[in-house]
Each structure stands twice: as C-alpha cells, then as structure tokens.
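Engineer: These protein sequences, in sequence, are chains L and D. Heads up: the first sequence runs through residues 76 to 313, numbered per our numbering. Heads up: the second sequence runs through residues 9 to 506, numbered per our numbering.
Calculated directly from the structure, the hints in this document are not laboratory data. Each hint should be verified, as a subset may be incorrect.
What the hints assert, rightly or not - Think about it this way: if two alpha-carbon atoms lie no more than 25 Å apart in a straight line, the pair counts; the simulated DSS-like pairs of lysine-lysine are:
no. : chain 1 : residue 1 : chain 2 : residue 2
1   : L       : Lys128    : D       : Lys381
2   : L       : Lys257    : L       : Lys159
3   : L       : Lys241    : D       : Lys456
4   : L       : Lys159    : L       : Lys128
5   : L       : Lys263    : L       : Lys159
6   : L       : Lys128    : L       : Lys263
7   : D       : Lys381    : L       : Lys241
8   : L       : Lys241    : L       : Lys159
Said to hold, decoys possible - What follows is a set of in silico ranges between Cβ atoms, one per label pair, in the way DEER data are often shown:
no. : chain 1 : residue 1 : chain 2 : residue 2 : range
9   : L       : Gln274    : D       : Leu87     : 15 to 23 Å
10  : L       : Pro188    : D       : Ile368    : 43 to 51 Å
11  : D       : Glu357    : L       : Pro188    : 31 to 39 Å
12  : D       : Arg88     : L       : Met266    : 44 to 52 Å
To be verified - Only some residues are given here: those of chain L computed to face chain D with a beta carbon under 8 Å:
no. : residue
13  : Trp132
14  : Asp149
15  : Glu154
16  : Leu276
17  : Thr283
18  : Ala294
19  : Leu302
Ideal Cβ positions, reconstructed from N, Cα and C, are used throughout, including at glycine.
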Amino acid sequence: MDVARSPLLNIKVYSFIIITLIILLSVPAGAAQNLLTNGDFSEGSGNQPAAWKTEAWMDLDSTAFTWIPPFGNDPGEVEISNAKLNDSRWIQSRTLNPGLYYAGVQIFTSAVPLQSWAGALISIGDQGISSIDVKGSTNWTERGVFFRVSRPNTNVEVKLRLAGFKNFAVGQAFFRNAVLYKIDSAPKGAMILELDADQRLWTGRSWTLIPIFVLLGAAVFLGWRMLELPPDPRKPVR
Amino acid sequence: MLLVVIEVPVPRSNTSMTIKPSHHSNTDADFTFSWNRTDSLLLGILAVAALLTRFWRLGYPNEPVFDEIQFVGQALAYLRGEQFLDVHPGFPKLLIAAAIKLMGEHSWVWRSPSAVLGSALVLVTFLLGREMFRSRLAATLSATFVLCDGMFLIHSRLGMLEIFHITFTATSYLLLFQLLRTRDPALARRKILYLGLVSGMALASKLMIPAIGLLLVLGFLIYAMVAQNVSDRGLRNRRIVGTLVLLLSVSSIVYLVTFLPNYWLGWWGGAWSLVHYYHEVIWQLGEMSLASNPFVSPWWSWPLMLRAPLYWQSTVDGGQIATIWEGGNPVLWWASLGALMITIVREVERPTLARSFMLIGYVGYMLALALSKHPFFLYIYLAPLYLQYLMLGVVLADLWSESARRWEQIILVLSLAPACWLGLGANLGTLSLSVIVAMYIVMSWRFKLGGKFVCLTMLAAALAAFVYFLPFWLGLPLEPAGYSARVWLTGSGVAKWM
Numbered sequence: 076m077d078v079a080r081s082p083l084l085n086i087k088v089y090s091f092i093i094i095t096l097i098i099l100l101s102v103p104a105g106a107a108q109n110l111l112t113n114g115d116f117s118e119g120s121g122n123q124p125a126a127w128k129t130e131a132w133m134d135l136d137s138t139a140f141t142w143i144p145p146f147g148n149d150p151g152e153v154e155i156s157n158a159k160l161n162d163s164r165w166i167q168s169r170t171l172n173p174g175l176y177y178a179g180v181q182i183f184t185s186a187v188p189l190q191s192w193a194g195a196l197i198s199i200g201d202q203g204i205s206s207i208d209v210k211g212s213t214n215w216t217e218r219g220v221f222f223r224v225s226r227p228n229t230n231v232e233v234k235l236r237l238a239g240f241k242n243f244a245v246g247q248a249f250f251r252n253a254v255l256y257k258i259d260s261a262p263k264g265a266m267i268l269e270l271d272a273d274q275r276l277w278t279g280r281s282w283t284l285i286p287i288f289v290l291l292g293a294a295v296f297l298g299w300r301m302l303e304l305p306p307d308p309r310k311p312v313r
Numbered sequence: 009m010l011l012v013v014i015e016v017p018v019p020r021s022n023t024s025m026t027i028k029p030s031h032h033s034n035t036d037a038d039f040t041f042s043w044n045r046t047d048s049l050l051l052g053i054l055a056v057a058a059l060l061t062r063f064w065r066l067g068y069p070n071e072p073v074f075d076e077i078q079f080v081g082q083a084l085a086y087l088r089g090e091q092f093l094d095v096h097p098g099f100p101k102l103l104i105a106a107a108i109k110l111m112g113e114h115s116w117v118w119r120s121p122s123a124v125l126g127s128a129l130v131l132v133t134f135l136l137g138r139e140m141f142r143s144r145l146a147a148t149l150s151a152t153f154v155l156c157d158g159m160f161l162i163h164s165r166l167g168m169l170e171i172f173h174i175t176f177t178a179t180s181y182l183l184l185f186q187l188l189r190t191r192d193p194a195l196a197r198r199k200i201l202y203l204g205l206v207s208g209m210a211l212a213s214k215l216m217i218p219a220i221g222l223l224l225v226l227g228f229l230i231y232a233m234v235a236q237n238v239s240d241r242g243l244r245n246r247r248i249v250g251t252l253v254l255l256l257s258v259s260s261i262v263y264l265v266t267f268l269p270n271y272w273l274g275w276w277g278g279a280w281s282l283v284h285y286y287h288e289v290i291w292q293l294g295e296m297s298l299a300s301n302p303f304v305s306p307w308w309s310w311p312l313m314l315r316a317p318l319y320w321q322s323t324v325d326g327g328q329i330a331t332i333w334e335g336g337n338p339v340l341w342w343a344s345l346g347a348l349m350i351t352i353v354r355e356v357e358r359p360t361l362a363r364s365f366m367l368i369g370y371v372g373y374m375l376a377l378a379l380s381k382h383p384f385f386l387y388i389y390l391a392p393l394y395l396q397y398l399m400l401g402v403v404l405a406d407l408w409s410e411s412a413r414r415w416e417q418i419i420l421v422l423s424l425a426p427a428c429w430l431g432l433g434a435n436l437g438t439l440s441l442s443v444i445v446a447m448y449i450v451m452s453w454r455f456k457l458g459g460k461f462v463c464l465t466m467l468a469a470a471l472a473a474f475v476y477f478l479p480f481w482l483g484l485p486l487e488p489a490g491y492s493a494r495v496w497l498t499g500s501g502v503a504k505w506m
C-alpha cells in the first residue's frame with residue numbers, strides 16, 4: 076500500500092489517530108461539546124462564515140480572507156492568504172469559566188517559508204497560548220493547545236492565524252474542524268498553559284503610580300525652587 | 009546663570025556668514041546672536057528643501073516598508089486596544105497612532121510624524137550649528153548635509169523610530185549650547201525645563217541609545233558649572249543639584265507619561281508593571297543577541313558604510329526596479345570621516361568645548377555600541393553620524409574662509425577618492441581624481457584659493473551623489489543597468505550594499 080511505502084506519511088497518520096484518540100478519550104462521555112459556534116465552517120453567506128470575524132496586524136491589500144463552504148464530502152474551510160508579510164487571523168470570542176480546555180484545528184499550508192518567524196497555528200488571544208505552528212507546504216495537520224482558565228467569565232478569543240503575534244509570514248493557510256472543548260484532564264505529558272500566567276505579571280494596583288508621579292512632581296518643584304537665584308554678576312571663565 | 013564661553017574659531021573673513029557679537033554685549037557670555045534677514049532666508053530655504061524632500065511622494069510605496077510592519081502595526085494595536093509588548097518605549101508609536109486616528113490609515117499618514125520630525129531636524133541642525141560654531145556657513149553646511157544624506161532622508165520618510173530620537177537628542181544639544189550662554193537665571197531655568205522635556209521625549213523614543221545623548225548633555229552641563237570660577241561653592245553646588253533634579257525629574261515624568269496608555273487600555277496594572285517591562289526587555293535583548301540576520305553589521309564597518317541593506321524592492325512594468333535602500337550619501341559619509349580625523353587633531357592642538365562635545369559624543373556612542381552584545385543594523389550609526397556631519401560642516405566652513413591648513417585640505421580632497429573609483433570605475437575615477445588634484449594645486453598655489461576650491465568641489469560632489477542616489481532613497485524606478493551602477497559594493501562579506 077502507498078501508506079506502507081511512505082514511512083513519513085505513515086508516522087503522520089498514526090500520530091494523527093493517536094492524538095485524536097487521546098483528545099477524545101480525555102473528554103468525558105456526554106461532555107464533548109464543541110464550544111465554538113460553526114467550528115466546522117458549514118454555515119455562512121458570501122465570503123463570511125457565521126460567528127467568525129477577521130483581523131490582521133495591518134490592514135493590507137495583500138492579505139485575503141476566504142470562506143470555502145462544504146463541498147461534497149469535504150467540510151467547510153477558512154483560508155488566509157498573505158502575499159506580503161502580515162499576521163492575519165480568523166477569530167471567535169467565547170466566555171469561559173474556570174477549568175481545563177483544549178482548542179484545536181486542522182491546518183493545511185502552502186508556500187509558508189520554513190524560515191518564517193512563525194507559520195500557521197491556533198492561539199488563544201495573543202499572549203503565548205498557542206499551538207505549535209505549521210510551515211512549508213503540508214497536508215492537513217492537527218494542531219492544538221491545552222490551557223487552563225482560572226477566572227470566571229473569562230473572555231477569550233480563539234484565533235486561527237497565519238503568523239504569530241509580532242512574527243510575520245507570507246503564504247497560504249487553510250483551517251477546518253476548529254474545536255474548543257472543556258475537558259477534565261489532559262493526556263499524560265501534555266503541556267498545559269495557564270491563560271492568566273502572562274497577564275498576572277502585568278497586574279497591580281493603578282494607584283501605585285500616584286506616589287511615583289507625586290515624588291517626581293515634588294522633585295520638579297524642588298529643582299525649580301533651587302534654581303531661583305539672582306543674576307550672577309561674575310565674569311565667565313574660559 | 010551658566011557662565012561658560014565656548015571658544016569659537018576666530019573668523020578670518022568678515023563675510024555676512026560670520027556671526028558677530030551684539031553691540032549691546034557687556035561680556036563674552038552675553039554674546040547674543042543678532043538674528044538677521046540672512047538667518048531667516050537660510051532657515052526658510054532649508055525648511056522648503058526639507059519639506060520637499062521629506063514629504064514628496066511620502067505615501068509611496070503604499071505598503072509597509074522594512075520595520076514599518078512592526079512599528080506602524082504597534083500604533084494600530086494601540087488604536088485597536090490589542091495588547092503587545094515591545095522593548096522600545098512607545099512615544100513614536102503613539103504619535104503614529106495619533107496621526108492615523110486623526111487622518112486615517114494611509115501610508116502617507118503613518119509616515120507623516122517622521123516627515124515632520126525629519127524636516128525639523130534640518131532646521132534644528134542649522135540652529136545648533138549656529139549656536140555651536142557661531143558661523144552661519146558652518147550651520148548651513150551641517151544642515152545641508154543632514155538634508156542630503158540618504159539615511160537621514162529615508163528615516164524621515166518611514167514610520168520607524170530612528171528619526172524621533174535623533175531629532176529630540178539634537179534639540180537637547182541645541183538647548184544645552186543655548187543654556188551654556190545664558191546669564192538670565194529665569195531664562196536658564198526655563199531652558200533646563202525644556203531640556204528635561206525633550207530629553208524625556210528622546211528617552212521615550214528608543215531603548216538605550218538616547219540615554220547616551222542625555223549622559224553627554226548632562227556631563228557637559230555639569231562640567232560647565234563645575235568649571236566656573238566661583239567663590240561661593242555652596243551656591244554653585246546648589247545650582248548643580250537644582251539643575252540635575254529639575255532636568256532628571258522632568259525627563260522622567262515625560263518618559264513615564266508615554267507608558268500611561270498601557271494602563272489606560274488595561275494592559276498594565278500598577279507600578280510593578282514597569283519593573284516587569286524591564287525584566288522583559290532584558291530577556292528579549294538576551295534572546296535577540298543570539299539572532300543572526302544578514303543585515304546586521306559589525307561596529308567597525310559603520311564609519312565606512314560597508315553594509316547598507318535593502319529596505320524594499322519592487323519590479324515595475326517594463327522591468328524597471330524600484331528600491332528603497334538604507335545607505336547614506338557616500339561622498340558626505342566618507343568625507344565626514346576625514347572631518348573626524350581633522351577634528352581630533354584640532355582638539356589635541358586647540359581644544360574647544362564644541363569640539364570636545366562632538367568628539368566625546370562620537371566616542372561615547374561608538375564605545376557603547378561596540379561593547380554591546382546586541383546585533384545592530386547600520387542605522388544605529390545615525391547618532392554618531394550626526395556629530396560627524398557637524399564636524400564636516402565646521403571644517404568645510406574653515407576651508408571656505410581659507411583658515412584650514414594645507415593637510416586638512418588634502419585630506420578632504422583625498423576623501424573623494426573612494427567615491428570616484430567606485431562610482432566612475434578605476435580609469436575614469438583615477439582621471440577625475442587627478443583632474444581635481446591638479447586643479448586644487450593650481451587654485452592653491454596660483455590663486456591662494458585652495459580651501460574654497462575644496463569646499464566647492466566637495467559640495468558639488470555631495471550634491472551630485474544626492475541626485476544620483478535619490479531614486480534609491482525615494483523608490484523611483486530605475487533600469488536594471490542604472491540599478492547595478494549604483495550598487496557600488498557587491499562583496500560576499502561585510503562590504504555589501506543591498
């Protein structure tokens with residue numbers, strides 16, 4: 076068989092089956108509900124899949140977003156095409172409660188240079204919760220990320236993107252079967268990212284800025300007063 | 009209040025380009041400049057030329073060029089409220105965001121703050137040269153060199169960070185030299201306030217390098233006050249402390265205010281976020297120091313302009329090539345190296361505050377950059393290059409007034425050699441250089457006009473190079489042959505343009 080003759084393809088197929096099984100087995104029966112609306116991109120009109128919107132780092136003519144409705148047995152897809160460097164995304168916002176989640180999607184890329192800073196991936200927001208990227212010209216590849224939400228009613232944006240945040244790429248990326256599951260546990264050894272881990276470093280009380288500005292203001296006043304001097308009648312020195 | 013006289017080269021000629029002391033002056037320190045019609049005319053001409061070169065076809069190309077994708081993108085992220093972190097402070101990006109908010113998202117709009125600042129830099133250079141050298145000619149020449157140099161030009165036409173910190177730092181130099189001549193304490197205090205404001209803006213425009221400019225200004229300010237021959241040391245010390253406290257606190261406030269949008273947008277939560285920002289900066293710089301980029305060049309190659317990278321290129325209909333290139337004006341760049349050598353020798357023989365300022369500034373920038381592990385592109389050399397162009401301005405003004413020495417004239421004539429050989433080829437280049445040398449000898453010995461001849465030749469060559477390379481700076485389409493003719497360095501190592 077063809078698959079048997081291609082070890083690389085063989086590995087990819089088995090990896091895909093194993094990852095899918097792990098994800099499905101980790102989701103309790105009855106709870107495998109895709110939290111994304113229209114994650115299979117089956118609904119929409121014109122060039123716009125329902126419940127999804129687009130966004131780009133820069134609004135460029137060289138970036139195009141396309142919805143490909145289901146055709147025959149093929150599921151619906153969304154496409155991003157960056158003719159020039161950009162970071163472009165299909166986005167859906169969700170409100171999540173504390174717990175463990177998995178976000179995944181199947182990605183197909185074409186002509187995304189291997190030396191790009193980032194390829195096609197799925198991310199939650201822009202602050203480091205993202206899957207491993209896909210570069211080059213590939214077949215459909217599953218990518219996903221496990222993440223933990225610790226605050227109630229946390230608003231997240233699931234982003235299917237070509238290029239990462241502040242890391243730009245050219246090429247084409249196609250996405251299908253996007254999922255967002257709440258799960259009880261992640262597979263053994265899977266990396267679980269804390270949604271708030273990065274944000275926590277930037278939190279604090281805004282009033283703490285007040286003493287800084289008060290001190291600096293006092294320093295300005297002090298310096299201003301110290302320079303309140305009469306004209307100096309002396310001759311200058313050379 | 010700050011009484012230090014800057015020794016000025018004694019004017020050899022009494023032309024209208026020489027600034028004379030005010031008739032109302034009682035002391036050397038009160039040496040006020042009489043701003044006359046010549047100044048206004050020169051400033052007006054420079055302003056028109058700066059606006060023309062900086063704003064003409066500013067929107068072309070209608071797409072991000074080089075690092076515009078980073079910095080204009082960050083300006084747009086401010087407007088979208090999309091959180092990001094960049095090692096560089098946000099002031100230029102906030103100005104770009106404000107321009108986009110006011111006038112819409114167009115390429116000419118996101119470049120307009122740079123064009124305004126880049127035009128202002130030409131005028132600031134004229135005022136600074138006038139203040140430092142007390143010569144309208146030196147001031148005009150220095151400003152013209154900034155006007156006609158490609159690297160200053162393209163950074164005035166792109167939404168990047170360089171022209172912001174260079175312009176604010178140059179303004180701080182201007183305020184320093186004005187301050188050094190100011191006797192009125194109320195005026196001096198106001199100038200210290202302004203100095204704090206522009207220093208804060210410079211610091212908020214780019215990471216690290218504006219701090220070298222601030223240290224330079226602070227160092228000379230303190231030196232000037234310490235060098236005063238005063239009997240009341242307590243009073244002097246109070247002035248020094250007061251100046252430092254006022255200047256540093258004002259610049260810190262301006263610097264910190266540029267971070268307030270991060271709080272207003274909810275990205276940052278408190279004072280600790282500022283500390284965390286510096287942690288991130290150190291971490292990111294550590295990561296970047298390992299990065300290899302074909303555009304990165306070693307510090308010793310910058311004065312020779314060996315590695316000048318391509319910023320943008322497009323092939324238009326008919327096979328013509330449109331290019332935006334980071335390189336400077338090679339005639340001016342290499343001539344200013346000669347001016348640097350001349351300035352060093354003059355400083356050893358006859359030190360002046362202005363010369364010391366330029367040389368210590370140059371060495372300070374180069375030392376800091378050479379010792380850094382961080383990789384740099386050629387544009388980092390803008391700050392020391394700016395000081396070199398001030399040196400070239402004053403040296404050429406001395407050539408015009410025939411007060412420069414023979415060896416100084418010869419060095420500047422020889423500084424044309426690389427441009428002759430690389431631009432015209434070995435044979436034609438040698439012939440051209442020989443003709444220039446022969447004419448110089450004749451003008452020098454027969455008519456005693458060697459200095460004027462070198463000055464005019466240098467200006468003509470610089471202007472010719474400006475016109476010749478202008479398509480490379482403005483992205484004007486060229487035939488492939490014309491494109492290749494302008495790429496003077498094509499080596500496989502560091503010496504490579506494009």
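Engineer: When you take the CB atoms of D:Arg88 and L:Met266, is the distance between them in 44 to 52 Å?
Structural biologist: Between D:Arg88 and L:Met266, where Cβ atoms are some 29 Å apart, the hint is violated.
Engineer: Min Cβ distance, L:Asp149 to chain D: is it shorter than 8 Å?
Structural biologist: With a closest approach of 33 Å, the L:Asp149 hint is violated.
Engineer: Holds or violated: the hint that L:Glu154 contacts chain D, with Cβ atoms closer than 8 Å.
Structural biologist: 21 Å, violated
Engineer: So, L:Ala294 near chain D? Judge it on the closest CB pair being under 8 Å.
Structural biologist: 4 Å, holds
Engineer: Given the hinted pair L:Lys128 and L:Lys263, is their Cα-Cα distance within 25 Å?
Structural biologist: This hinted pair is violated, its Cα atoms lying about 34 Å apart.
Engineer: What's the verdict on L:Lys128 and D:Lys381, does the C-alpha distance respect the 25 Å limit or exceed it?
Structural biologist: 43 Å, violated
Engineer: Do the alpha carbons of L:Lys263 and L:Lys159 lie within 25 Å of each other, as the hint requires?
Structural biologist: 40 Å, violated
Engineer: Using the C-beta atoms of L:Pro188 and D:Ile368, is the stated range 43 to 51 Å upheld?
Structural biologist: For D:Ile368 against L:Pro188, whose Cβ atoms are near 45 Å apart, the range 43 to 51 Å holds.
Engineer: For L:Lys159 and L:Lys128, compute the direct alpha-carbon distance and say whether it is at most 25 Å.
Structural biologist: Holds, at roughly 21 Å.
Engineer: Does the nearest C-beta of chain D fall within a distance shorter than 8 Å of the C-beta of L:Thr283?
Structural biologist: Holds, because the Cβ-Cβ distance from L:Thr283 to chain D comes to roughly 4 Å (cut-off 8 Å).
Engineer: Would you settle whether the hint for L:Trp132 is holds or violated, based on the nearest Cβ-Cβ distance to chain D being less than 8 Å?
Structural biologist: 5 Å, holds
Engineer: Assess, step by step, whether the Cα of D:Lys381 is no farther than 25 Å from the Cα of L:Lys241, and give holds or violated.
Structural biologist: 23 Å, holds
Of the numbered hints stated above, those contradicted by the structure are hints 1, 2, 3, 5, 6, 11, 12, 14 and 15, listed in ascending order.
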